[in-house]
Every structure is written in structure tokens, then in C-alpha cells.
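Here the protein sequences line up with chains L and Y, keeping their order.
My numbering numbers the first residue of the first sequence as 132 and each following residue consecutively.
My numbering numbers the first residue of the second sequence as 1391 and each following residue consecutively.
Hints were generated in silico from the structure; no laboratory data involved.
Quick reminder that beta carbons are idealized off the backbone N, C-alpha and C, glycines included.
There's no promise every hint is true.
[What the hints assert, rightly or not] In silico contact screen, one side only, chain L against chain Y (beta carbon under 8 Å); selected entries:
id : residue
1  : L222
2  : T302
3  : H326
4  : E330
5  : R345
6  : S349
7  : H496
8  : G497
9  : D503
10 : G559
11 : I560
12 : P622
[Claimed, not checked] Some residues of chain Y that are not near chain L, with every Cβ distance over 12 Å (derived):
id : residue
13 : G1467
14 : G1488
15 : E1567
16 : S1585
17 : L1613
18 : G1643
19 : S1647
20 : G1652
21 : A1656
22 : R1673
23 : K1711
[What the hints assert, rightly or not] Just so you have them, the derived chain L footprint on chain Y, three or more residues with Cβ under 8 Å:
id : stretch
24 : 1446-1460
25 : 1476-1483
26 : 1568-1582
27 : 1618-1627
28 : 1677-1685
29 : 1696-1708
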Amino acid sequence: MPLASPLRALLPALLLALFLAVSVAHVASAQRALTDIPVPDPAAELEAMEVAEGYEVNLFATDPAIRKPLQINFDPRGRLWVSSSSVYPQLRPGEIPDDTVTILDDTDGDGVADVSQVFASGLHMPTAVLPGDGGCYVANATEMLHLADTDGDDRADARRTMLSGFGTEDTHHLVHTFRWGVDSRLYFNQSIYIHSHVETPSGVHRLNGGGMWRFRPSTLDLAVFARGWVNPWGHAIDPWGRSLVTDGAGGEGINLGFPGAAYFTAIGTPRILHGMNPGSPKLCGLEILSGAHLPDEAHGTLVTHDFRANRVCRYRLTESGSGFESEKLPDLIRSSRVDFRPIDVQMGPDGAIYIADWYNPIIQHGEVDFRDDRRDRTHGRIWRVTAKGRPLVPRFDATKLSNGELIDVLTADGWARDAARRVLVERGIDEVGPDLDTWASAARHAAPGTPGYHRGLERRCLELLWLRQGLDDGSTAAIDRALLSRVLTSPDPRARAAAARVVVDWADRLGKPGAGPDGSLGPIDLLAPTVDDDVAAVRLEGVRALAAVAARDETSPTDATRAAALALHVVDHPRDDALDYAVWLAARELQGAWLPAVLAGSFDDGGKIARVLFAIRAAETTAASGWMVEQWQQGTVTGADFDALLHAVALLGTAEELRQVYDVALAATTPAAKAASLLDHLAESQRKRKVAPAGDRAGLTRLLTSPDEALQRAAIDAAGLWQVEAAAETLERIAADAERPLPRRESACRALGNLPGKAAHDALATLAAGPMTPEPLVAASLAALVGRSADEAAGLTATWLARGPGDTAVHEVLRAFLGARGGADRLAIPLADITLPPPTLRAVLQDVTAAGRPEPALTAVLERASATGGSPSITPQQRAEILTLVANGADAGRGRELYRREALRCVACHRIDREGGRVGPNLTAIGSAAQPDYLLDALLEPAKSVKEGYGSLVVVTADGQVTSGIPVSRSDTELVLRTALDKEVRLQLADIDEEAPGTSLMPAGLVDGLSKEEIADLVRYLSALGR
Amino acid sequence: MPSKACPWPGGLLPLAARLFLAVAIWPCSGLAAAEPDGQPPIELNSGDRVVLLGDAIIEREGERGAIETALVATHPGANLTFRNLGWSGDTVWAESRGVFDAPSAGYARLLDLVRGLEPTVVIVAYGRNESFSGAAGLAPFREQLGRLCRDLRRPPQEPGAKAIPTRLVLVTPPPFEATPPLSTAAAAARNAALSDYAAAIREVAIEQGAGVVDLFGAVEASLPAGARLTENGVHLSDAGYDAAAAVYAAACGNPLSGDFAGRTAAIRAAVNAKNRLFFHRWRPANETYLFLFRRHEQGNNAVEIPQFDPLVEAAEATVRKLAKESP
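One chain only, chain L, in its complex shape (with noise of 0.2 Å):
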């Protein structure tokens, strides 16, 4: 039962270092030389803030009532929990872990607190708290603890583990963020490094890697509810439920959580989603500003944190498609002090905004030293945040609301919303339940276009199912079947959306489809008009809900399999990146449901074959092909749907029927275009699953040399890949064909690199050694010869490096003797002999090291050769000297140009904004992160410090190949590696022989050729980039 390896993926990326780290590495530099510690003074702290126009700042606690704050929460009395730790980085030998959680309240209201109460202690490391039921619940290392105050002394009296077995690999990764959600679940997060395996009545729950689980603790019902992430240490959830979240190491801003969702990191799928701003700084914390003391400018914008640049961010959100887009806004807060470390933040009761500061100069742990003794451990502050001139909101006790004051407030905003909830939920079904009931009923009743009907009720009356979720005891009369009917039939599509999620909590009490106790619809049933909705992002959660539904050990396979064929309705439809995960996602968790039934004919896609082919193509699986053949041969299916049929048999099929579609991509009456993507995607089942057309392929030779140049490439490539060997003369035909563009015969090459036979071997020899012959293609002879004969490439090879060709060639050709197992050996032999002029020998060298792997044999070839005259090394006194002139002098504009300078090849793998590769880390926003000195090492000696999550993977596959790149994504079967090239390439996990963690892809002496001052351009370039 041994689980895929989980992590594998993912280690090595992890493994060795970072480069530019925006995250931690670049901490490593600009924090051990940290020398300029600040006195710990608070009022200086608020002196140093750059606040936003029309905001003011004050401080509401500090140390010593807090010490080294990690997680805020208010509770419904408006008072502020707190949960703080001394302890970490590391418990030290014979330490007794003594963390607390701490309660904060200002009695006053003159916006300090005044009283702080110590509610726990003896905690090892609380890396978050949350209040509720009687107590709060709390982050202990490898446990979720509920601690209660059973006596009202406001000190905790009774323990108890809810939950254990989390991972602690890493203690900034600990299970932390603790948020009730508006299901009154209690929602939490665990970073990359944590490897959790939680037991629970269900069965055991594992989660290795980033996520957020979703838990109810009552029941104690736990699941994964999305993964990935490196550090998701913000989550705020909207008033309409959707969940925003932000990373603490990634880069993409602010990411929409809906169930079964997937970002960066995420182990076991191939398929990954993406963040709503790309290259935006690292973010910690999140909360929705709102609120009658905020101006309205600020209602529905975000506040999150970019801690490592110690500025307060804003960001607004705009609904697009099925979620967002995202826009940042000006900062709230900047600082100069490098200790502000604002980590996350809440809306206060009085609606102002609260932000705990961790109050830190060095931040991770990683490294800088664990017990170094710049390491604050002591302070901390909570600031609040307040608009100038405007009045506060009156501040109330929720627990002293009667349950009709309390419905009544749940449609507010922030914490008077949470706090309602929270306090109507803990009294209880028996108590809320009759008020609950003529709320309910009287907002249901008031439909649109009545009498009494305003747009304000379609919020209420999801916020009076979502105190039915949370009031929710298990029992058929907990549910309100007539208010859910009408949430998900709301005027207003988030309400609709929301409403999917609660069908599944409820499937187990809505009956069978169309069977319902009172001959009402079922679950699968209510959801069906949700996958054809006109909004797209009611679209996304009802086909995750029907997923969800048709998952449940209870549903029968008829009804899953309706549910597979509703949840296809979304194919119909236009899909952005998340709905088409969502729809795929739901085909390869649904496959037993549908492709049986579509397998027996019975499979209700409503005369779109389209649905099926999606599904088909989404699951990957072969099973069908079969089928889709019978559906081709009635010839029924044409237009897109035939091509979409033909590509998936294609990609799919038997090599029978493979042949089948060969046979359509040769036939005379079939249009060129049409052809060659025939051939393309049958080229990709050889290349993916080793399966080529069955029978004879010499026909392909005629398509060689098509009029049509998209087909003859194909063909050539396709005739390259099954080893046609008929097409061998015409191959070296156009190979040798000096009139044919460059590109054809480039492809003619590495085809005949592919075919048997001495014929070919000559004729790719022929052409590089011709003198006459182009760089290119002796490159692609050479590249192709060096899978036929090593040595004899070797020995070609040497004598061509030693006339100095271009970079490109070069690299090409270097790449394929380090793509072939041993082939770097073989080309040492006569390279010993030769001398290489300094623009090669670098070129080489890039490429040894973009291949990230020790090359020992070639690496000391090139080591002797560069002893005399090679790269040149630079020493502390040229690198004082560079960082002088970056901070006095050097010009960015300058810096810019070389940027994108071809030669330094650093568009081609590091991204800024929308432009450039992503092979490195993403650089929009590097300068707000990494200090010069950082910048300046990593350019010079990339491999010391690799960022988090750009480590390199070498694999060797059964073929011999080997491949290096940083991992993007495994799934069971397979495994997608991004080249140094910007390449993704897809690896079957079955064809893999062995994997290792390399090195950094970014080449050593790409900055070899620069002076001084163009380095200082350059640095200073990217240091004010994200400023």
C-alpha cells in the first residue's frame, strides 16, 4: 500500500539551494550581513511607517504582553487572541516549551489594549489560534489542541488533542492559519516541507506537502479541501464563502481556494493552477477590508503582507470569469525599519485594522543560524490601522445579542458577521433552531419582484443556510431543503455558486434524485441546472460539488454516472483556466462513473461528443479507443467534433487504430493542415506512450517533401520518430538541399539521427565535417550523430568546437552529448587535446552546468583549458567595489539594456511582468525581496543558493536519455520537467531509470564578458525592480 513517493517530486526542487532567492536565499546574504540591528522601540517603529493618504497608525499592544506574535483572531466578545512563541525556531536541549496564547482587549475603546490576559502556556511553538467553543482551538507542533476555560477565569483549564500526526519538518511550515469558515468549518493550512498523517474516526488522512484542510470539530470530519502552495500562510474568505489565498514563498499574488483545487507544488496531479498576479511579491496574512470607519474606496479591497520588504499591501479583486482578477494597488503601510514584520491581520470590532508585526530583523530560520543572537525573541506588536476623521463602528458583545439581534447583523460586514455566526452556531440547533426557522421563512418567502423584496436578501438568505451548515447536528430535520432550494436559484450568482458547496454537505439527508422525502430533488438533481448556469463561476462549483456527490460511498453508480454526464455539461460551455481544471479534474476523479457507461453505450452526453472526448482526454486512458473508432466508423460525427475524435484516437488509440487515423493523414482528399496535425498528435502517442501506426510507414516518405511546409515538417519529425527508413533517401535529400529552408533540413537531420542504417550515419557524418555546411546543421548532424556513435561525434565535435562556432550551435550540441548517458564522457576524450577560444569554452561551460549535474570528466577538461584563459574569477575587493557602484552611480536604464541582452540569455528563463521564460524564478518583483549583495552573488556563482522550488531534477529514462529540468508537476503516471530551454517535457514515470536532484540551470559566467560598472547596471537594474 505504499504510496507513491510524495515529495519526490518536489525534493530535489526543494533541494539544493536557491537562486534568487526571493523567498529565503536572498535573506541567506542581505541577513547573516545583517550587522545594523535596531533598537526595539515601538514608538520609533510607528515613526519609520509611511502610512497610505487619510490612514493613521497606533499601537495597540506590545511586548511583553505579546512576545513574537503568529496568529490573531478576534472573538465574538471583540476581544483579540493572540498566539505567540518564544520557542521557535527550535526547542533548545532541556527547554520546557512555555509558548502562550494570550487574550488582548480594549475595555476603553481608546484603541489600546488594556487588558491581556494569558489564556495557555506550555505551548511548543502556536503557530496559530482560533477562538471558539468555550476555549480555542491551537497549532501545538504535531497537534490541533482544544484548550477550555470550563470556570470563566479566562484561563484554560481543559485539554483536549482534536487532531494529530502533523508534520513538523520545518517549523515555519507548521499546520497554521486558522479561520472559521462561513460553513462554520474550521479551515487550516500546512506548508510544503509538512508531512501529515492524521488519524480520525473516518480513517487516516494524509497530506504530504502544501494544502488546506477543511475540518469540522464536532464531527471531526477532516479533508483536504485544496493542495500546493510553499507557504499559504493567508487565507481570507469573501461575504460570498470564496476563499482567497496567499503564499508566503510563492509569487503569484493572491490564488481563489474552491474545493479540489491545485497550485504550484501540489504532488499527484499534472495539472496546476495559477495565482492571480504573477510575479507580485511573497505574501503573508489576508483580510477583506469593509466596514462603515473605512471609506468606500476601501470596502472589498485586500490586505496582505509583503513582510520581507516590510510593507502592508493592497490589492483589488474584480470579477472575471469564473473568479478573478486582481489588481495591487498603493501600499498601506511602508517601512524603512527591518524589523517590521507585519504577518497577518484581522478587521477589528471596531472596524479598524489590526496587524500583528512578528517584530523580527532576521526572518527564517533556514539560514540564518537557529540560535543567533540577532534572532529577536521577545517582541512584538499589534498596530492598529484607522481612517483619519471617521468615526469607529460601535463595538458590541455578540454573546450578549438576543438570536434575532444576531441573524439580524450576519448580513454586516467582517468581524460583526463572524462574530454573530460564531456565537449563533455555539448555541446550538435546540436553541437557534425555531428563530432560525422564521428568519428563514420569511426571507425565502420574499421573492424577487414581491412586495418587501430588496437585493440585500439573496445575502441573507445564504447566510441563514450557512447557519444551517453550521447549526447542522446530523439530522434529516437539520436541514432546511426550501431555503437551499432557493439559494440555488438566487437572482445573484454568488449565491448560487455558494449554495453547490452546501448540496454536498447535505447530499447524505436530500434523498435520491427526484425521490426526496417529500418527492422533492435530489441532490444530483438541484445541482443539475448549476453546470449550465450563464456564469461561469456557478459553473465551477457545481461541477465540483456534482463531483463531490457522485464521490460519496453512498451514491450508486447510476446516479454517479448522471453525475458524470451533468458534470460534462461544462464542455458546452466556454471555459477559462480554473473552470477547465475544475471540469478535467472531474473527469479523472469520475471515470469510474462515466467511461463504463460510455464503454455499455448507455452514456446519456445529450448528442455532444465532444463531452465525452474532453472526458476521454482528460482521464488519459486508453480504454476508450475502441470506442471512439465504432463512433468514427458511423460516421455520425463530423465537423470539430470529427477532428477532436480523430486527435484523441490519435493520442490514444491501439497502433490498429492508430493506423486507422495514419491512413486518413496520407489520403490524398485530406487538406494539409488537417494532415499534419494528424501526424502531430500520432507523433506525440510514439513519444508519450511508444505506440506508432501498426504496418508499413513507407508512405509517409511522399509527404516529405508537401508543397505544404507545416505538413512536411510533420512528416519529417513523424518519419524521424517511427524510424521510416524508406524515407531515408529523401531525408538526406533535404538534408543536403541547400535551396530548402534551414529549419527542414535541421529536422531532416535529427529524423535521420533516428533511422537504422549506415546510409544515414554517412550522410549526417557528410554534413558535419562539410566545410560548406551551415552552423546550424552541423549542429543538428552532430546532435543527431551523437545518439548513432558517441565517439565518432566526439571526435567531429572537437574539431568543430575548436573554430569556435556561435552559442546556439554550440549549446545544441553540447546539450545531446549531456542528454545521452555517458555521452559528456565520450566527448572529454578529444577534447582533452584541443584548445577551445575563450567564447566557446564558456558556451560549454553554461551548458554543463544548465545541465545540472556533476560532469566530472568534462568539467576537469574544461577546468585545465579554462586555467588558461578561461572565466575569470572575482575577488572580494572587485565585488566591494561593484556593490559601491550599484549603490552610487549605476545606471538601471543601462542595466535594463543588458537584461535583454541576447548574449546574457536572461529573458529567456527569468520572467518579468508578462515577458520572458520560466525557468528561473519570476523577477517582477526581486528587488523588493533580495538585497544588492544577493543579486550580485547569485549572478556570479548561481549555484550557491538556488531558490526554493527551482532546484533541478536529472532523470535518466530507459532510452538512455537523460534529462534535467525543474519539476513542475508528477501525477501517478507521469512526471513534467520545465528545460533549461523553457521546455516542458513530459516523462513517463514507467520509462524512468533513475532520478537525482541536480543543480542550478542557470549557467556559471554568464557575466564573465561584463565590466565592473555594466555588472553594477545590471544588479542595480534588478534591485529596483517590485520597488
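With chain L held as given, fit chain Y onto it using these hints.
Chain Y only, in chain L's frame:
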């Protein structure tokens, strides 16, 4: 491959412990003393070094100390030592112990860890998490439990390594209980499956010549009337741990009597203090930085981890002293 997990963070068994083991005399062969039903009596002898393996019930025993206290207090002069290696969610495949690697690596790590502790007795308490796989999972469980038993007795593979005579004790899981949030129906269904796993454990124990502590069959009978066995249908309550401790003690031939818990409160506090220290010794936080693939960053602080050893030893000395003085 990445990061060979360090089986015993920071080094080998502390010197004091090694000396202690070196002078301890292997008392008798459990196998030779096998009883007619094929099961040897569980004997805990002077100087026995006991390792506890299992899931969250064993892991949480490390904080409750009920079972350990019962065994220590009923063998007051025996100088028993206990090392609790329980891990939530764990199974006979060591599924919770892979950390960054596959469970198979976790399994190897578990064996290395146990061998490093040089136990004379290993108590193996698995089967509850596995039972969620129902009938389909029974045969693989049985086979793997057998393999685990054999592997625990297998000497280290280094040349010249001496076989460590290890006695095994297999423990059946306590039954699920119809306690909220576990419904009566769910508890009954789970116990139907668990019963087969408990039977398999007893069979493997006979095959392996291991002792048996049958919590599944006996723990409820040890529970005071009206008390709940579990906190949540699954994990033992305080009363549940006391009842389990009584079953362990009885299986070792020393039934608990009178107000045992009251009498041994001081020992138990000392046991728990020792276990807290040992937990940080064998499963320290920040393993990634101390021992694994980011040890190039903070591996220098790994020296702190063996510094727990003398603290564990001292805490253990307190336990021994209190056990001897126990009325």
C-alpha cells in the same frame, strides 16, 4: 537519490546506554518457554530495553504514560527502559515515516531507528489504521506484519554486526467505540473489520513466537463501569489508557491492584517528562534543516539533538528511583 534519512538523528546510542546494555545479561529465551497454546508468556526482565511501535494510540501513550508506568511500577527493581516510537497514522508499512521519501524508505528508517536503540523487547501495536481497508486489506496486512516481525529480529546488515536477541510482543488494537462522533452503526461496522485484523495479529504472534497483549479482546473488561474507552470513538481516553495499562500489566503476569493510578502518579509524571524529552530527541522539529536536504544550512545545530540524551538518561534515572521507592 536525495537525502538518505538519518535513522538516528545525530549519532548512535549514547555511551552510557551502551555500557548499560553491555553489562546487562540476557536472561532467558522466551521461545524456549513457550506455553502450550504456542504463545510465550511475556516476561520483562531486569535491564530490558523496550521499544514501543505503533500508531497514534502509542504516540499519545507517550504523553499519558499509563502503559509505561504500569510496566515500570510492576517491575520496580528491573530497571526497565522504554522508548516510544509511535507515529500517528502509521501502519505496518511505516506509511507515516517516509517524510520526504516513499513509505518504503520510512520502513527502512524505522528498522534502523529500532536497531540503533538495541532493544531487547519490541512491542508492536498496529492494525487499527490498516483495518479501514477491510477484507481486501487483511491478507496484505498479515503478510506485512510477519515481515515486520522478521525484520525487527534481523541483525543489522553491516559486516560483523551481532544479532540482537529481540523478543516481540504483538498488541491487538482496542475496539472502536460508539462514542460521539462515531455512531453505533459505524462502530459496529468498523469492529467487524477490526476483529479480523485482531485475529490475524494473534495468528502472526503464534507464528512468530511473539507475546500477545489482546486489547481488542480484553480492554473493555478492564474499564470501570460507565467509563468511556475512547475520547472520540477511536483514541483512548484517560480511562481507556488506564484500562489498556491494566491489560498490558496482566499480560506480563502482574495484574494492577487497588488505586494503582493514585499510587503511581509521581512515577507517571516522571515517565511523561522523560518521554517528552525523548520525543524531541528522536523526532526533532526542523529535520529538513538539521538532517535532511537542507542540512547544509542548519546542520551545524544538529549537535544539539544528542544533547537530549543525558537529559533523557537523567529523567529515566528519576523514573527508576521512583519505581524502586514505590509502595
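Hint check results:
no.: 1; hint: L222; result: holds (6 Å)
no.: 2; hint: T302; result: holds (5 Å)
no.: 3; hint: H326; result: holds (6 Å)
no.: 4; hint: E330; result: holds (5 Å)
no.: 5; hint: R345; result: violated (15 Å)
no.: 6; hint: S349; result: holds (7 Å)
no.: 7; hint: H496; result: holds (7 Å)
no.: 8; hint: G497; result: holds (5 Å)
no.: 9; hint: D503; result: violated (10 Å)
no.: 10; hint: G559; result: violated (14 Å)
no.: 11; hint: I560; result: violated (15 Å)
no.: 12; hint: P622; result: violated (38 Å)
no.: 13; hint: G1467; result: holds (29 Å)
no.: 14; hint: G1488; result: violated (7 Å)
no.: 15; hint: E1567; result: violated (10 Å)
no.: 16; hint: S1585; result: holds (17 Å)
no.: 17; hint: L1613; result: holds (19 Å)
no.: 18; hint: G1643; result: holds (31 Å)
no.: 19; hint: S1647; result: holds (30 Å)
no.: 20; hint: G1652; result: holds (21 Å)
no.: 21; hint: A1656; result: holds (18 Å)
no.: 22; hint: R1673; result: violated (7 Å)
no.: 23; hint: K1711; result: holds (19 Å)
no.: 24; hint: 1446-1460; result: holds (count 3)
no.: 25; hint: 1476-1483; result: holds (count 6)
no.: 26; hint: 1568-1582; result: holds (count 3)
no.: 27; hint: 1618-1627; result: holds (count 5)
no.: 28; hint: 1677-1685; result: holds (count 6)
no.: 29; hint: 1696-1708; result: holds (count 3)
In terms of the numbered hints stated before, the structure departs from hints 5, 9, 10, 11, 12, 14, 15, 22, listed from lowest to highest.
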